[in-house]
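Residue numbers (the working numbering), protein chains in the order written: chain A, 1 to 356; chain B, 1 to 356; chain C, 1 to 356; chain D, 1 to 356.
Rather than coming from a laboratory, the hints here were simulated on the basis of the structure.
The structure displayed is predicted, hence computed values, not measured ones.
Please note that the accuracy of each hint is not assured.
No copy labels: a pair is met if it fits in one copy or bridges any two.
[As the list claims (entries may be wrong)] As a list, the in silico DSS-like pairs of lysine-lysine whose alpha-carbon atoms are at most 27 Å apart:
#, residue 1, residue 2
1, Lys49, Lys344
2, Lys49, Lys350
3, Lys353, Lys187
4, Lys108, Lys353
5, Lys267, Lys67
6, Lys267, Lys120
7, Lys108, Lys120
8, Lys44, Lys353
9, Lys49, Lys187
10, Lys353, Lys67
11, Lys267, Lys4
12, Lys108, Lys344
13, Lys4, Lys187
14, Lys44, Lys267
15, Lys49, Lys267
16, Lys100, Lys44
17, Lys172, Lys4
18, Lys336, Lys44
19, Lys267, Lys187
20, Lys120, Lys6
21, Lys172, Lys61
22, Lys187, Lys336
23, Lys267, Lys61
There are 4 protein chains.
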Amino acid sequence: MNGKVKVLLNGYGVIGKRVADAVALQDDMELVGVADVVSDWRVKMAQRKGYTVYCSISDPKRTEAMKEAGINVAGTLEDLLRQGAVDVVIDCAPAGFGVKNKEALYDKYGVKAIFEGGEKHETANLSFVAQCNYNEALEKAEGGHRYCRIVSCNTTAACRIFHALYSHFKVKRARMVLVRRATDPVKGDTGGIMNTVVPSHLPSHHAPDVKTVIHDAIPDLYSAAVKGSHTMYHFHFYDVIFDQTITREDVINALRNEPRLTFVNSKDGVIGLAAIIEISRDIGLPRGDIYTIPIWEDFITVIGGNEVLIAAACPNENDVIPENVDAIRALTLIEKDANRSIQKTNEALKIPKVLY
Amino acid sequence: MNGKVKVLLNGYGVIGKRVADAVALQDDMELVGVADVVSDWRVKMAQRKGYTVYCSISDPKRTEAMKEAGINVAGTLEDLLRQGAVDVVIDCAPAGFGVKNKEALYDKYGVKAIFEGGEKHETANLSFVAQCNYNEALEKAEGGHRYCRIVSCNTTAACRIFHALYSHFKVKRARMVLVRRATDPVKGDTGGIMNTVVPSHLPSHHAPDVKTVIHDAIPDLYSAAVKGSHTMYHFHFYDVIFDQTITREDVINALRNEPRLTFVNSKDGVIGLAAIIEISRDIGLPRGDIYTIPIWEDFITVIGGNEVLIAAACPNENDVIPENVDAIRALTLIEKDANRSIQKTNEALKIPKVLY
Amino acid sequence: MNGKVKVLLNGYGVIGKRVADAVALQDDMELVGVADVVSDWRVKMAQRKGYTVYCSISDPKRTEAMKEAGINVAGTLEDLLRQGAVDVVIDCAPAGFGVKNKEALYDKYGVKAIFEGGEKHETANLSFVAQCNYNEALEKAEGGHRYCRIVSCNTTAACRIFHALYSHFKVKRARMVLVRRATDPVKGDTGGIMNTVVPSHLPSHHAPDVKTVIHDAIPDLYSAAVKGSHTMYHFHFYDVIFDQTITREDVINALRNEPRLTFVNSKDGVIGLAAIIEISRDIGLPRGDIYTIPIWEDFITVIGGNEVLIAAACPNENDVIPENVDAIRALTLIEKDANRSIQKTNEALKIPKVLY
Amino acid sequence: MNGKVKVLLNGYGVIGKRVADAVALQDDMELVGVADVVSDWRVKMAQRKGYTVYCSISDPKRTEAMKEAGINVAGTLEDLLRQGAVDVVIDCAPAGFGVKNKEALYDKYGVKAIFEGGEKHETANLSFVAQCNYNEALEKAEGGHRYCRIVSCNTTAACRIFHALYSHFKVKRARMVLVRRATDPVKGDTGGIMNTVVPSHLPSHHAPDVKTVIHDAIPDLYSAAVKGSHTMYHFHFYDVIFDQTITREDVINALRNEPRLTFVNSKDGVIGLAAIIEISRDIGLPRGDIYTIPIWEDFITVIGGNEVLIAAACPNENDVIPENVDAIRALTLIEKDANRSIQKTNEALKIPKVLY
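Whole structure, please, built from the sequences with the hints as guidance.
The following block contains the structure:
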């Protein structure tokens, strides 16, 4: 691969638009364009930002409809792939469309592709969180593997926290309880839940999903989840038991030194998600994104010398964005050192290590 | 004590108005009246229901203000106590006022009093959930003890579920995670939280509060809690480990046979709190109250042969109402059999064993 | 028609289940049964209440599915109609299904039918609010007309308020602004909007819908509407201009004397919908229903001698219930006096004239 | 005044922190620092941004408390004023504190001060919206007047829209209905309303407040308002009657040519506040601010040739920010042309004229 990696973003939604911006900020990547199928303000906003817009599907009627709505469609995604103009597609289409795109397009044109957490592990056979298994991705890519799945925002957050723990201590058992946001803010006009709590099946799919990344690093791992009646940031509780004695100081140090985790403190007035979201906005990055996982430092509690309780917030719209960038580097082998990629991404995105 | 127990309800709020109605339904009790200090629609509603209204505080200005607002105040709470017209006061004043009333009034006039979960255990030195420790209350009452505390809605729900488990199996360890409603519906016009999740300190006070009732029945017990952005029903997750092998069937049977617990099923379309609340309203009891704790039967999950996961809903406005009624019987010794009191209360309140 | 009117309820949802209960309370009607197509807790609840359950559609597979879920299906709606066992069907099927049922069933079997506000005026060619046009319904029924549409909860509330005004004063112009609840509480687990306000098209359909009932009683009538992020009770603002001088006292008297309207007062602490909903629950009718329209008495404001501002709450789940009962009487001609029907219904449902 | 205007921001809250950032972006102003009294994350964030922090009150204990929390307090606000280091204080203290600060500090030290919408008109005797009455502010300032009040976000939005109308057409009468956000997002952890609608008194104070800026430009002006259960952006309905015939095209042109107004379109998928908020975030300005008032272009409706209905969104956290900047220029006489100040501010803040 000569020069910059040519990246095409397919699916300009909540995650896709952020990945597009993030790729455009990297000096070793070039954003070829963004592909979508709708004609509303969302795609007009892509155009306003100067991105070249393609139609995700090859049906000329759809391209025509987008043009009639005032979108300058430069062609179809398939045209681009046929021309070999793309090294990696980031597929941020709605859940379940990724596997269809893979079969219809990415397999056919032999292009590399990165999927998001709405797709199954089997679609990519490689699930990724940079600080956990960048090397696994490198190895697979060196063997010719072309696909990678960025896990969901919740799984990404959990993997980062667990990695801080299992890379320093013998973790025996972990339980997670998630209070999920009901829907993304942008979908609030048409969707969501109201004045309720809605549990997932017990146990939830989050623990098995974490295992697609960390494999057997935590032998006994289960999760439970509910949807809460709010639109931003998931809330996470962790209850982790170790096969050794640990101190609160040990755990705090492990978390502090881990990339893409940060601390907040209820004693500073950060008493809930609303405060963290306001802090996120005050930081000043576009859309109020922070990419990192805030953990309540003063809530970290050690019980009985070998168990720790942790509460964290998961910025669901944006914590996976740096993972997409790192996955491009791993999959294209342009950066063979995990830490260097993470560092490069952190700097390009200005990911804050300290929030306030 | 000859004839019916004379009960005075002090604090006609969310809990108080329900206790008043419940006492009025018992054939071994007489509701002498309700006392409050405000002059708004809430007290006018008490009058509309035919209750005699007293002023909670002895300041004549306050009585005057209530009368000016159109309330027929029959006198003050202190007048009643001085006359010996009351056997038991149920103190449903706002959290923290109970202990003040105790010192100023109940101690002074030697009247029996029942406090609610907003008061500390130490105020009553007896915390109560009928099916767990009716006999403890009886013993103390026989020894002349005059006070009892009904624990909070959350603690009451947890005690019922734990009792079903520890009275059948050897329970080693339990963890609870609560997603609390933010405020009562009636307070929605002026209070609450919005579009957020707010954690309590970790660990939360709920586990220690449970221990005031079940004492050492569960040796290793911790809890975590958040406020969610909804107004009705708390949501509870339980993770319980046994010192023995158990089956899912065992656990279901234990829960099914326990009073004041009931099952719902996501396969019947009961997928969240909103469905349970609608069922509660459809049952047809006043205010949509059900008094019992709905547990998702199909979510009950056994892990590794000795651990069970349980999800439940806690009807925060009303699950403690029958406990108040039973506590009156225990404290006044008019019913010395726990099961008979529970049965009597269940029938008078029409507490449903099956919801649909 | 000899004896009681035989009524079948088709569509046991938010409105349907209330209509069923209301019909069952009338001494001149008999509820033959309720028909639906689903198999979940909702229909099980109908069975729990003792209603005979029918399948709304004639497909035997559907009946079978309901039976498999444990519902004792007594037959199909069509069977009942074929047998002439029903005088009036109340069609509370989801919006748009009523017209299909009319064409497939009610036309075919010549049965009388009452539709709800989700259907168009043209489906029934008679839109109904008892205190506005009971006589119009009588006249049409005497001419052999078999169909009637109960207008939506919002339109019903507006018609009652406007009737109080135009039957006493010369109304020249009215503007309504509605802040609608987003979805019904029962649908909160799966639907709704979150943390937003969503306007309808401007102007909204409510004013034209009001005209299907009050015809030209208000010559210049427009409305605007938004969905708010709450689940119970719509909020209404009215701005009405008269062709004559009026006083605040005049307007208050007109509203006070009108059936199915009631007053609340912010000075009594009734500052928002939450307080009204709590009052509704405290009244003690099933599901907290009140059937009447609360108007803020102290907010009634006269401007410039010929204009009045009014704020009201609309109990969206239940204000149309008495209209369904009255419509049965009008359509079957069993009661030819509007006031007697309204009075009879009010008494059977215990509709409160004063809330507190 | 030589060189840049020296500005001190007092009250680093939702409005204050934005005004600080906006002032820091102007080439004719210098932000001397920000003053506050709290010690939590909010003030730490000011420090993180590089602002010099002062203590708003002169009590040394308070300064000490801030220092103990890790804030480098550079002194007190009063020290600064005594030294003559400040030309203009922007007082963004909580509602009602402005008038106290005026009496205790600004009067005493003869400093110019700008207040926000939480203060009464009488505190400043000059209420300001740049495009409506910049010249009035200039005239008063030339006469030695030192105070100015930026009106509330709602009043500012209304004044901009009304100015577009009354400066082109003869406006006879206007009615506004506001669906206000309940509280700011940052306060969601501790405050707000839940699942309700709460009306203000009828009529609301908004219309009189508008008149403090536009005086008698609209002879017959009334408003009504409710709080809705959402945290961002107010929603506005306008019903305006003219003393002349107007066309939809006329109104659209007038609104389009007015500064700090912009159009959105439901046909582009912008169906509610959530979409507008997402667009705001996508624009990419800090905190997702847009400063301008989005109006639904396709909802603009003309009735009867002389009446128009308009629906708009009011970005409550930030629409007043440019007004603060312009008010500094008017009050200090550094820019005597309203349009030039508005233009300068628009460019410095990058206020978008088109959103997508």
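So, going through the hints one by one against the coordinates:
no., hint, in the structure
1, Lys49 <-> Lys344, "both (24 Å within a copy, 23 Å between copies)"
2, Lys49 <-> Lys350, "both (20 Å within a copy, 14 Å between copies)"
3, Lys353 <-> Lys187, "between (30 Å within a copy, 25 Å between copies)"
4, Lys108 <-> Lys353, "neither (42 Å within a copy, 44 Å between copies)"
5, Lys267 <-> Lys67, "between (54 Å within a copy, 15 Å between copies)"
6, Lys267 <-> Lys120, "between (40 Å within a copy, 25 Å between copies)"
7, Lys108 <-> Lys120, "within (20 Å within a copy, 51 Å between copies)"
8, Lys44 <-> Lys353, "between (34 Å within a copy, 15 Å between copies)"
9, Lys49 <-> Lys187, "within (21 Å within a copy, 32 Å between copies)"
10, Lys353 <-> Lys67, "between (43 Å within a copy, 23 Å between copies)"
11, Lys267 <-> Lys4, "neither (46 Å within a copy, 39 Å between copies)"
12, Lys108 <-> Lys344, "neither (32 Å within a copy, 54 Å between copies)"
13, Lys4 <-> Lys187, "neither (35 Å within a copy, 45 Å between copies)"
14, Lys44 <-> Lys267, "between (43 Å within a copy, 13 Å between copies)"
15, Lys49 <-> Lys267, "between (40 Å within a copy, 21 Å between copies)"
16, Lys100 <-> Lys44, "within (26 Å within a copy, 40 Å between copies)"
17, Lys172 <-> Lys4, "neither (43 Å within a copy, 58 Å between copies)"
18, Lys336 <-> Lys44, "neither (37 Å within a copy, 38 Å between copies)"
19, Lys267 <-> Lys187, "between (33 Å within a copy, 16 Å between copies)"
20, Lys120 <-> Lys6, "within (25 Å within a copy, 55 Å between copies)"
21, Lys172 <-> Lys61, "neither (56 Å within a copy, 49 Å between copies)"
22, Lys187 <-> Lys336, "neither (38 Å within a copy, 45 Å between copies)"
23, Lys267 <-> Lys61, "between (58 Å within a copy, 19 Å between copies)"
In summary, the structure is inconsistent with hints 4, 11, 12, 13, 17, 18, 21 and 22 from the numbered list given earlier, while agreeing with the others.
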